[in-house]
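Just so you know, the protein sequences line up as chains A and B, in that order. For the first sequence, position 7 matches number 7 in UniProt numbering, and the numbering has no gaps at all. For the second sequence, position 92 matches number 92 in UniProt numbering, and the numbering has no gaps at all.
No lab work stands behind these hints: they were computed from the structure. C-beta atoms are modelled at their ideal positions from N, C-alpha and C, and glycine is treated no differently. Please note that a few of the clues may not be correct.
Pair by pair, the computed Cβ-Cβ distance ranges are [unchecked claim]:
id : chain 1 : residue 1 : chain 2 : residue 2 : range
1  : B       : 208       : A       : 74        : 30 to 40 Å
2  : A       : 7         : B       : 309       : 50 to 60 Å
3  : A       : 11        : B       : 150       : 24 to 34 Å
30 Å max Cα-Cα, derived DSSO-like pairs, lysine-lysine [what the hints assert, rightly or not]:
id : chain 1 : residue 1 : chain 2 : residue 2
4  : B       : 171       : A       : 94
5  : A       : 94        : B       : 283
6  : B       : 364       : A       : 94
7  : A       : 94        : B       : 195
8  : B       : 321       : A       : 94
The primary structure of each chain is shown beneath.
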Amino acid sequence: MEDTAKSVQELKVLIRELILEIGELKERVTILEREKTPPAAYNEKHDKLDIIKLQGEGYERLGQLYNDGYHVCPANFGYSREGDCLFCLALILKE
Amino acid sequence: MKLNIEKRELSALTTMVYRAASTKNTIPYLSGLLLQLSHDKGLTMTATDMEIGIRASTTNVDVIEEGTVLVNANYLADFIKLLPDTLISMELNTSNSKLNINYGRSSGNINIYRELEYPELPIQKMDFRFSIPQNILKEALRKTVFAAAANHFRQVFTGVLFDILEDGLLKIVASDTHRLAYYTYQMDSKPAPFKFVIPVRTVHELLRFLDDSDNLINIAISDNNVIFYQDEFLLLSRLIEGQYPNYETVIPANFISNLSINAHTLANSLERAKIMPTDDRFKIQPVQLAMQENELLINSYSEAMGEIVEIIEDISIEGEKELKIVFNTNYFLEAVKVFDQECENIIIDFSGSFAPAVLKNPEKDNYLYILVPMRTNN
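Pulled out of the complex, with its shape left as it was, chain A reads as follows:
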């Protein structure tokens, strides 16, 4: 029983690491796209990303994950989201 719990915990850590890694990959793709995309289109996309005000390194990471389309709130962490989530925004916009 204890072994199972430990395995589940390890799996959760692994999933979170994978999500972060995917986020970083998406960020790199964005940078590559930026080099190939006309400035006007980029500005439009960039404006959208800037909508979430980021505060501190931890929140930046959460904000990035959120902008990549994942929930960052404790209830739904790591699940892909459709539209904005009140619980995620409460966490990200928290002052």
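Starting from the known structure of chain A, fit chain B onto it as the hints suggest.
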């Protein structure tokens, strides 16, 4: 079993109960309606699909011979509903296992199930927690249930939360994560703090029988179930498992401006915006609010169909006068309609174009609706 009963009485009782019966055919007796007739309790009807269960009874019945019978719930309800408004006589014919129903000179009969298989409602180990006036419960559920999700991978979002705090404050909350409806009621009693989540379907069934009286309805729970009950009515429901997230954190505390607007005018304008078809590139239909110095522009747009721009001048704004914000039209309208039923003006607090807004009644502080804006590039 033999009885005489007025059609209206029989139809009201059947209509109240039959919807709890299963509509699937996997376990036949769960699609049944159990009729129990006794001299002391009158006619009692029970239906359950094991997720919810409803039991109701009436003493406005002429009990000729006590007995129990199980018949198909949907068929009986449909049949009773269509009967003429007259005295109905029902009698179990044991020789052919049919329930005879006589009305005037006409009659029908319904095959019966073996009632021995019918499950008992698990209400023996329920722990009474508190009572609440029906009209309060009705108002609270009506104002919150529409904000719950139809489907969500976290089951708790498909239900309505009852959160009882130490000081006897009851909070009833529902959210699909894009919006949150929040109702509070200060109870006279101070039950021990606890919380539970009931499915949306349970709420809709409760709303069907709650009236506007202040008669108390009792609430008792066990580990897995809750019952709402009065003398002649009982509704049992399974509870949704899982921890409800901290909903207090999503209620914004700081605002940059607030708008006061006539709720009816706004509701009418949003009704018109709602008929604009949703473009394929959007999954949902948006409406934009643009506040200017002394007016509000409400804009809905469809590439395929056209555009509506409405200007409402009779408003007042405190704080920043200019702001643009886009909402899901339906989510916005559903809440505005709630306020339209109870207050002339509605207050909308804004924290920015992309931060959740709060809708409230300026004269009452027991209900809030928090709505996340949509992010669009236009």
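Hint check results:
In this structure the supplied range 30 to 40 Å holds for residue 208 of chain B paired with residue 74 of chain A, their Cβ-Cβ distance being about 35 Å. The hinted range of 50 to 60 Å is satisfied by residue 7 of chain A and residue 309 of chain B, whose Cβ atoms lie roughly 58 Å apart. At about 30 Å, the CB distance of residue 11 of chain A to residue 150 of chain B agrees with the hint of 24 to 34 Å. A hinted pair counts as satisfied when its Cα atoms are at most 30 Å apart, and residue 171 of chain B with residue 94 of chain A qualifies at roughly 23 Å.
Among the hinted pairs, residue 94 of chain A with residue 283 of chain B is consistent with the structure: their alpha-carbon atoms are about 28 Å apart, no more than 30 Å. Annotation: proposed proximity of residue 364 of chain B to residue 94 of chain A holds, straight-line Cα distance about 27 Å (limit 30 Å). For the given pair, residue 94 of chain A sits about 26 Å from residue 195 of chain B by alpha-carbon distance, which is consistent with the 30 Å threshold. Distance restraint check for residue 321 of chain B and residue 94 of chain A: the Cα-Cα separation of roughly 24 Å lies within the 30 Å cut-off, and the hinted pair is therefore satisfied.
Checked against the numbered hints above, the structure breaks none of them.
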